[in-house]
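Taken in sequence, the protein lines are chains E and B.
Just so you know, we're using our numbering here: the first sequence kicks off at 1 and counts up by one.
Just so you know, we're using our numbering here: the second sequence kicks off at 269 and counts up by one.
Think of the hints as simulated: they come from the structure by calculation, not from any bench.
Mixed in with the good hints, there may be bad ones.
Unchecked claim - Simulated restraints, written as ranges between beta carbons of each label pair:
{"#": "1", "chain 1": "E", "residue 1": "G165", "chain 2": "B", "residue 2": "E347", "range": "53 to 61 Å"}
{"#": "2", "chain 1": "E", "residue 1": "G112", "chain 2": "B", "residue 2": "D304", "range": "38 to 46 Å"}
{"#": "3", "chain 1": "B", "residue 1": "G360", "chain 2": "E", "residue 2": "L265", "range": "52 to 60 Å"}
{"#": "4", "chain 1": "B", "residue 1": "H515", "chain 2": "E", "residue 2": "G112", "range": "26 to 34 Å"}
{"#": "5", "chain 1": "B", "residue 1": "G460", "chain 2": "E", "residue 2": "G106", "range": "30 to 38 Å"}
Just so you know, these numbers come straight off a predicted model, no measurement behind them.
Beta carbons: idealized from backbone N, C-alpha and C, even for Gly.
There are 2 protein chains.
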Amino acid sequence: MEVSLNTVTVREKWGLADCIEGCARHGITGISPWRDVLQAMGVNAAAKHIRDAGLTVTGLCRGGMFPAADAAGRAAAIEDNRRAIAEAHAIGAACLVMVCGGLPPGSKDLSGARAMVRDGLHAIMAEARAAGVTIALEPLHPMTCADRSVLSTLAQGLDLCDELGAGTGIALDVYHVWWDPELARQVARAAGRIAGFHVCDWKVPTTDTVFDRGLPGEGVIDIPAIRAMVEAQGYAGYAEVEILSRHWWAQDPDDVLREITTRHLTSI
Amino acid sequence: MEVSLNTVTVREKWGLADCIEGCARHGITGISPWRDVLQAMGVNAAAKHIRDAGLTVTGLCRGGMFPAADAAGRAAAIEDNRRAIAEAHAIGAACLVMVCGGLPPGSKDLSGARAMVRDGLHAIMAEARAAGVTIALEPLHPMTCADRSVLSTLAQGLDLCDELGAGTGIALDVYHVWWDPELARQVARAAGRIAGFHVCDWKVPTTDTVFDRGLPGEGVIDIPAIRAMVEAQGYAGYAEVEILSRHWWAQDPDDVLREITTRHLTSI
Numbered sequence: 001m002e003v004s005l006n007t008v009t010v011r012e013k014w015g016l017a018d019c020i021e022g023c024a025r026h027g028i029t030g031i032s033p034w035r036d037v038l039q040a041m042g043v044n045a046a047a048k049h050i051r052d053a054g055l056t057v058t059g060l061c062r063g064g065m066f067p068a069a070d071a072a073g074r075a076a077a078i079e080d081n082r083r084a085i086a087e088a089h090a091i092g093a094a095c096l097v098m099v100c101g102g103l104p105p106g107s108k109d110l111s112g113a114r115a116m117v118r119d120g121l122h123a124i125m126a127e128a129r130a131a132g133v134t135i136a137l138e139p140l141h142p143m144t145c146a147d148r149s150v151l152s153t154l155a156q157g158l159d160l161c162d163e164l165g166a167g168t169g170i171a172l173d174v175y176h177v178w179w180d181p182e183l184a185r186q187v188a189r190a191a192g193r194i195a196g197f198h199v200c201d202w203k204v205p206t207t208d209t210v211f212d213r214g215l216p217g218e219g220v221i222d223i224p225a226i227r228a229m230v231e232a233q234g235y236a237g238y239a240e241v242e243i244l245s246r247h248w249w250a251q252d253p254d255d256v257l258r259e260i261t262t263r264h265l266t267s268i
Numbered sequence: 269m270e271v272s273l274n275t276v277t278v279r280e281k282w283g284l285a286d287c288i289e290g291c292a293r294h295g296i297t298g299i300s301p302w303r304d305v306l307q308a309m310g311v312n313a314a315a316k317h318i319r320d321a322g323l324t325v326t327g328l329c330r331g332g333m334f335p336a337a338d339a340a341g342r343a344a345a346i347e348d349n350r351r352a353i354a355e356a357h358a359i360g361a362a363c364l365v366m367v368c369g370g371l372p373p374g375s376k377d378l379s380g381a382r383a384m385v386r387d388g389l390h391a392i393m394a395e396a397r398a399a400g401v402t403i404a405l406e407p408l409h410p411m412t413c414a415d416r417s418v419l420s421t422l423a424q425g426l427d428l429c430d431e432l433g434a435g436t437g438i439a440l441d442v443y444h445v446w447w448d449p450e451l452a453r454q455v456a457r458a459a460g461r462i463a464g465f466h467v468c469d470w471k472v473p474t475t476d477t478v479f480d481r482g483l484p485g486e487g488v489i490d491i492p493a494i495r496a497m498v499e500a501q502g503y504a505g506y507a508e509v510e511i512l513s514r515h516w517w518a519q520d521p522d523d524v525l526r527e528i529t530t531r532h533l534t535s536i
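Using the sequences provided together with the hints, build the complete structure.
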């Protein structure tokens, strides 16, 4: 399994051009840009740069964020997702990763927020299918339920895939699902629908609910075991390294990429 | 639904005697001590104090913490749970709350840790049944999986209850389960087995994975909706207020109890 660099891993010091050059320097053959660095370069220029570098685009991060306090907000989110689909198509991304969104500000209506996610996804599926962009639903850790994703488990994500039909899949990030008692059963259910495989690690202690992820091997997740599970279901794509970490953001990005390629051999 | 004071809510400033007197001052009729304050007073003296004050003991916190790196550690945990059962019996607690334990230090073997929890529970059930102490399995939020509880969901807890049989139940803490897409279905499944109902709130943002809980109404959990779910399944016990919070620990405990009794009317 080859590794792909998710650009958020070095977001504080590198733009997209730096990431593309960094991948070449370190022998990394895949990349997954976030939309901010993509737009900073310009989507068409970015598409050409990435293509010229011979990189596989394992995903575009991210669509989603559907729930909003009013109808105008929800419509704006859907429009933004349409732009994201076009961007994913332009760069030949294997999928558009969906971070579905949390509760609207001030709301305690979790069922309502989940309905907004469902409605938002239904609204964009025709466009995604027409563009050939796989919508990769990413269940996020339950600790992000209030503010980032009311989609919390693989079971819930696969239920949504069942409902939405062709053109959907799962972005499976070990950080978000490692704890799940249903993990093995749901990965088996995901056969043929794993659109992305993201790796990082759960540190003990974890000092921030968003920005304290570890590099593979720094924490307690048995990443090779989960990799074996997804490979057993036919997943033949990349392991995308996506590290949101104040600690690693403060380091020299070349050191971070060196760590990744070293740890790739032992901890993924 | 009456409220019960879990002593951890004021642990930094009050011992058990203070808590008992505080409950009387604020018209709180239930208490759930942690073992440290219980042992500090002496179990028999505490039992008499609580009885004399006319308080209902909604639980003893906590048993569990079964996983350990070696057999001696696991045996010691089981012995400690036997002492906890005796203490729960002595104070007439409605249940012994189980925080089952995380991964042993250095381990990535989640299945192994879960097996240790299962084995530990099997080892104490005969003693618990003989003492008439209900073993209340508390699923803890998945963000505590590594270091506090590999028991993460209601479904998993109820599967364990099914396996262990009579004398078991669930301690349902809204903080740990509010996000769960399975919540309604699993609460229905828990009918007749809800041994405790704990309330606090999920703040946005949450700045610590253990010590940043909110009082009811401070966060995004629809506590009255979850209360209605458990009442619909026949739960007729207390709402136990259990707040682990550096913020609230720094306040005057009488102010905290005043907040609790006020919020009881609006947010539970």
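Hint check results:
1. At about 55 Å, the CB distance of E/G165 to B/E347 agrees with the hint of 53 to 61 Å.
2. For E/G112 and B/D304, the hinted distance range of 38 to 46 Å is satisfied, since their beta carbons lie about 41 Å from each other.
3. Against the hinted window of 52 to 60 Å, the Cβ-Cβ separation of B/G360 and E/L265 comes to about 58 Å, which satisfies the hint.
4. The supplied range of 26 to 34 Å is met by B/H515 and E/G112, whose beta-carbon atoms lie about 29 Å from each other.
5. Distance hint check: the CB atoms of B/G460 and E/G106 are about 36 Å apart, consistent with the given range 30 to 38 Å.
Checked against the numbered hints listed earlier, the structure breaks none of them; every hint is satisfied.
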